[in-house]
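Undergrad: Listed below, chain by chain, are the residues.
Protein chains: 2
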Amino acid sequence: MAISNIRYGEGVTKEIGMDLQNLGARRVCLMTDKNLSQLPPVNAVLNSLAKYGVNFQMYDNVRVEPTDQSFLDAIKFAKKGEFDAYVAVGGGSVIDTCKAANLYASSPASDFLDYVNAPIGKGKPVTVPLKPLIAVPTTAGTGSETTGVAIFDFKELKVKTGIASRAIKPTLGIIDPLHTLSMPERIVANSGFDVLCHALESYTALPYNMRSPCPSNPINRPAYQGSNPISDVWALHALRIVAKYLKRAIRNPEDREARANMHLASAFAGIGFGNAGVHLCHGMSYPISGLVKTYKPKDYNVDHSLVPHGLSVVLTSPAVFAFTAQIHPERHLEAAEILGADIRTARIKDAGFILADTLRKFLFDLNVDDGLAAIGYSKADIPALVKGTLPQERVTKLSPRPQTEDDLSALFEASMKLY
Amino acid sequence: MAISNIRYGEGVTKEIGMDLQNLGARRVCLMTDKNLSQLPPVNAVLNSLAKYGVNFQMYDNVRVEPTDQSFLDAIKFAKKGEFDAYVAVGGGSVIDTCKAANLYASSPASDFLDYVNAPIGKGKPVTVPLKPLIAVPTTAGTGSETTGVAIFDFKELKVKTGIASRAIKPTLGIIDPLHTLSMPERIVANSGFDVLCHALESYTALPYNMRSPCPSNPINRPAYQGSNPISDVWALHALRIVAKYLKRAIRNPEDREARANMHLASAFAGIGFGNAGVHLCHGMSYPISGLVKTYKPKDYNVDHSLVPHGLSVVLTSPAVFAFTAQIHPERHLEAAEILGADIRTARIKDAGFILADTLRKFLFDLNVDDGLAAIGYSKADIPALVKGTLPQERVTKLSPRPQTEDDLSALFEASMKLY
Ligand SMILES: NC(=O)c1ccc[n+]([C@@H]2O[C@H](COP(=O)([O-])OP(=O)(O)OC[C@H]3O[C@@H](n4cnc5c(N)ncnc54)[C@H](O)[C@@H]3O)[C@@H](O)[C@H]2O)c1
Ligand SMILES: NC(=O)c1ccc[n+]([C@@H]2O[C@H](COP(=O)([O-])OP(=O)(O)OC[C@H]3O[C@@H](n4cnc5c(N)ncnc54)[C@H](O)[C@@H]3O)[C@@H](O)[C@H]2O)c1
Ligand SMILES: [Fe+2]
Ligand SMILES: [Fe+2]
Numbered sequence: 011m012a013i014s015n016i017r018y019g020e021g022v023t024k025e026i027g028m029d030l031q032n033l034g035a036r037r038v039c040l041m042t043d044k045n046l047s048q049l050p051p052v053n054a055v056l057n058s059l060a061k062y063g064v065n066f067q068m069y070d071n072v073r074v075e076p077t078d079q080s081f082l083d084a085i086k087f088a089k090k091g092e093f094d095a096y097v098a099v100g101g102g103s104v105i106d107t108c109k110a111a112n113l114y115a116s117s118p119a120s121d122f123l124d125y126v127n128a129p130i131g132k133g134k135p136v137t138v139p140l141k142p143l144i145a146v147p148t149t150a151g152t153g154s155e156t157t158g159v160a161i162f163d164f165k166e167l168k169v170k171t172g173i174a175s176r177a178i179k180p181t182l183g184i185i186d187p188l189h190t191l192s193m194p195e196r197i198v199a200n201s202g203f204d205v206l207c208h209a210l211e212s213y214t215a216l217p218y219n220m221r222s223p224c225p226s227n228p229i230n231r232p233a234y235q236g237s238n239p240i241s242d243v244w245a246l247h248a249l250r251i252v253a254k255y256l257k258r259a260i261r262n263p264e265d266r267e268a269r270a271n272m273h274l275a276s277a278f279a280g281i282g283f284g285n286a287g288v289h290l291c292h293g294m295s296y297p298i299s300g301l302v303k304t305y306k307p308k309d310y311n312v313d314h315s316l317v318p319h320g321l322s323v324v325l326t327s328p329a330v331f332a333f334t335a336q337i338h339p340e341r342h343l344e345a346a347e348i349l350g351a352d353i354r355t356a357r358i359k360d361a362g363f364i365l366a367d368t369l370r371k372f373l374f375d376l377n378v379d380d381g382l383a384a385i386g387y388s389k390a391d392i393p394a395l396v397k398g399t400l401p402q403e404r405v406t407k408l409s410p411r412p413q414t415e416d417d418l419s420a421l422f423e424a425s426m427k428l429y
Numbered sequence: 011m012a013i014s015n016i017r018y019g020e021g022v023t024k025e026i027g028m029d030l031q032n033l034g035a036r037r038v039c040l041m042t043d044k045n046l047s048q049l050p051p052v053n054a055v056l057n058s059l060a061k062y063g064v065n066f067q068m069y070d071n072v073r074v075e076p077t078d079q080s081f082l083d084a085i086k087f088a089k090k091g092e093f094d095a096y097v098a099v100g101g102g103s104v105i106d107t108c109k110a111a112n113l114y115a116s117s118p119a120s121d122f123l124d125y126v127n128a129p130i131g132k133g134k135p136v137t138v139p140l141k142p143l144i145a146v147p148t149t150a151g152t153g154s155e156t157t158g159v160a161i162f163d164f165k166e167l168k169v170k171t172g173i174a175s176r177a178i179k180p181t182l183g184i185i186d187p188l189h190t191l192s193m194p195e196r197i198v199a200n201s202g203f204d205v206l207c208h209a210l211e212s213y214t215a216l217p218y219n220m221r222s223p224c225p226s227n228p229i230n231r232p233a234y235q236g237s238n239p240i241s242d243v244w245a246l247h248a249l250r251i252v253a254k255y256l257k258r259a260i261r262n263p264e265d266r267e268a269r270a271n272m273h274l275a276s277a278f279a280g281i282g283f284g285n286a287g288v289h290l291c292h293g294m295s296y297p298i299s300g301l302v303k304t305y306k307p308k309d310y311n312v313d314h315s316l317v318p319h320g321l322s323v324v325l326t327s328p329a330v331f332a333f334t335a336q337i338h339p340e341r342h343l344e345a346a347e348i349l350g351a352d353i354r355t356a357r358i359k360d361a362g363f364i365l366a367d368t369l370r371k372f373l374f375d376l377n378v379d380d381g382l383a384a385i386g387y388s389k390a391d392i393p394a395l396v397k398g399t400l401p402q403e404r405v406t407k408l409s410p411r412p413q414t415e416d417d418l419s420a421l422f423e424a425s426m427k428l429y
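Line by line, the protein sequences are chains A and B.
Per the working numbering: the first sequence = residues 11 to 429.
Per the working numbering: the second sequence = residues 11 to 429.
Note that these hints are calculated values from the structure, not bench results.
No distinction is drawn between identical chains; accordingly, a pair holds when it is met within one copy or between any pair of copies.
Restricting the straight-line Cα-Cα distance to at most 20 Å, the calculated cross-link-like pairs of lysine to aspartate or glutamate (EDC-like) are:
1) Lys254 - Glu344
2) Lys303 - Asp379
3) Lys303 - Glu423
4) Lys427 - Asp375
5) Lys371 - Glu195
6) Lys44 - Asp70
7) Lys134 - Glu403
8) Lys254 - Asp242
9) Lys303 - Asp391
10) Lys90 - Asp121
11) Lys134 - Asp78
Bound-form chain A, shown alone (with noise of 0.2 Å):
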C-alpha cells in the first residue's frame, strides 16, 4: 500500500513556487481550465509562481469530464514544451488530464493505447520516468492528487476508461482548502459525492485476501487491491466526514470549518479507494457518463452536456448497496449508522435495504435529481449501459458479490428512480 505526499494547510498554495525552485525546475508546465483559469486557485499559483521568477506555460484548454480527444490535445502541448515539472490546479479532470500529459510526453514513442487499461487498451506497465507532478486539487471529490489514476471518456466507444500506474500518482498533493470557497453549491455536492462513494465502495470491497486471481509476484499487483486493514481506516475516517460536513459544505459557502474538512475527506478516501478499489457504482457510472444526451447540469459553467462524475456514481448507489449488502452485512449497517440511521432495532438481514434507504434519505435532502430517469435515460437504455459496463471488469470484479449482466440491468432499472 502506498501512499502520497500531501501538504495541508489554509494558503500553503504561496510555497509552491519554492517547491518548484527545489525541483530545480527550469520549464514548467502549468495546467487548469478555462473556468478556472479565472479564478482564485489559479490566481494563487500565478501570484506564486511569479514571486519565485518561475518559467512556465499555462494550458487552460482541459475538458471538463475529459475524452480520448481532449486528453490528445493536453499531450501534444506537453510534448512540445519539454517540460521538467507539471502542476495541475483543478478538480479531477484537470488532475488527471496532467498525469495523461505527464506519462505521454515522458513515453513519447508509445501509442496512446499502449497505457490505457485493459480489456480497452493493452494495459502496459510504466517503466519510463515521469517528471514531477505538483497537484493542486480545487474540488473536494476525487482525491485524484493521491491516486495513480486517469479517467477519460473514450468517445468512440462511449464508454469511460483510464490509466492506472502507481508511476502517474502526483508527487506531491496540496492541499489548501481556501480552495474550496469558490465553488458553487452543485460542484461541491457532485464531488462530494464521489467522496460518498469512494468510501462506500472501497469499504465494502472484496478483502484483499479473497481477490483473485492473486498475481503471485507483488509487481503484478494491481493498484487496486480489495479491502484490507489499511484502507479501512481512510474510508471510515472518510464517511465520517461526509456524514458530518457534507451538507453544510454544500449549504453554506461560508463554512470553512465543513469545506475544509470535506477537502481533506476527499484525500482521505482517495488514499483508501486508490488501494483497495471501488466497485459497482463507479463501474457502473462510466457508461452513464459515457452515453450522456442533452443533460447541462447546474452551476458547471461549460458548454457541452455532461453527467458530472460524482452524480454518475451516487444515483445507482442505493440499488447497488442493496445489492452487494447480501456479503458484509455488518459493514453495510455500519456505513448506514454513521450516515445517521438508527441501527438500534435493525436486523442484520436488512442492511441493505436500510443502507439503500439511507442514501435516498441523503440524496433527497440535498435536492439530487430523482434518479437515472431525471438524467435523461430510460428503460430502452439500460442493454447499452450494460454494455458499457462490462469492460469495466477492473473495478467491477472488486464487488463482493458477483453479478450477471442481468443483475446490472436490474441494478440500472432500480436506479432509474430514487424517490
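With chain A's structure known, arrange chain B with the ligands on it following the hints.
TA: Showing chain B with the ligands alone in chain A's frame:
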C-alpha cells in the same frame, strides 16, 4: 506528509525473495540480532531467499538498544559488503541499525556525526542516494518500518539520540503478523507501550500551525511537523487498537487477532508520529535508557543491562500527560476515554489527572515496574536525567506546553513511583 509502502498479511514474508529479484538485487545484506537469528521470522526470510536464489550475507550482530559503537560495527560490515539492497528482520534495534548501515555505506566519505541530529551531531541533510531497504518488523512497537528515524545510545555522552531523515525511510515494510507470535510477554508489553506513547504524544503534540520557527522553504521543514489532521487519524486509530488489544496480546501468545492488530497499530502509530513527532515521554526516555545502571528486564535474551525503549517512555507518561493537559484538555480527555475511563461526569480541567490515572491503572494491571525507582533510579539521579533531556529539543519542543529545567525535574520526580 509522507507515508511508506506497506505490505500486510499472514505469511507475506515468503515473497521477499521475489521482491529482491524485482529490485534486481545481486548482493543483499540481511541484518538481525543474535536472538532472532534462531527464531521463526529470520527462518521465513532465509527460506524465501533460498527459494529465489538470492545472494546474501547475514549480519546478526545488531545490539538490542544500539549504541554508536554497534552502529559503527554494522556500518563497517555494510561498507565492506558493497551491497545493493538491505533486509532488516527484527525490532526497532535491527531496523534502525540497518538504516544507519545503508546510509553510511552509501555516503562513505561522511563522518559519523554528520547525519546525527543537532545539537549532538551536525544534522546534515542527506543528499546521497541510498540502496533499497526492506524492513520486516518482528515486534509490535517502534513502527520503524514506516519512519525515517534511527535511534542509538551515544555512550560517551550517556544519552540516546538519532538520525532523522526521510531518506532513510524503508522502501517497503513487510508486516507479517505471524512474526509476533514468538514474542515473549514482556517484549509484547514494552513494545506495545511504545505504540501507546507514539499515539498519545503525536495526538497531543504542538499543532503543526503553531510550531516555530516554521522554515519558509518547505525543503527545510523537519520530519516532525507537529500534530495535524492527517497524523491525528493514525494516532487515534492506533490508540483505539491499543485500548482494545494490547492487554490481550500480552496475556495470550495464542491470541492471533490481538497480536496481528497490535502489529498493524505499530505501523499506524509510526506513520502518525513519523509525521507529527513525539514529545516529552520520548525526550525524557533517552536519558532513562542512556543512564541505565544494572537493570535487566525479564524476557530479554541479552547479556547487557538495558531499559527497554517502550518501558523508558511509558514510565513517565502519567506525569507527562498530567503536565501537558493544560493545553489541549479535550484531547487528553478523549484519549482517557478511549483507554477506558468513564468521563461522563468529568470536568475538563481534570483532564490531565484523569488521563494520568487511567494510564497508571493500565500499567498496574500489566505488572509494570513501579516507576523509575523500580528500575534503579533515585532522587540523586534527577539532575543527570534532566541534563540528558535538554539536548533532546528536537522532540521536547513539540510538547504542547513549554518546560523549564525545574518542570523536567518535577516530572522525573513524579515518575519515581507510580502506584
Ligand atoms: N483520478 C482519480 O482518482 C479520479 C477519481 C474519481 C473521479 N475522477 C475523474 O475526475 C473528474 C471529475 O473531477 P471533479 O469532480 O473534481 O470535477 P471537475 O474537475 O470535472 O470540475 C468540475 C467543474 O468544477 C469547476 N471547479 C473546480 N474547482 C472549482 C472551484 N474551486 N471553484 C469554482 N469552480 C470550480 C471546474 O472548472 C469544472 O467546471 C471526472 O472525469 C472523473 O471521472 C478521477
Ligand atoms: N526508528 C524509530 O522510529 C523508532 C521508534 C521508537 C523506538 N525506536 C528504537 O527501537 C529500539 C527498540 O526496538 P523494539 O522495541 O522493537 O525492540 P528491540 O528491537 O530492541 O528488540 C527487543 C528484544 O526482542 C527480541 N525480539 C524481537 N522480535 C522478537 C520476536 N518476534 N520473537 C522473540 N523475540 C523477539 C529481540 O531479539 C530483542 O532481544 C530502541 O532502540 C528504540 O529507541 C526506534
Ligand atoms: Fe470517483
Ligand atoms: Fe518510541
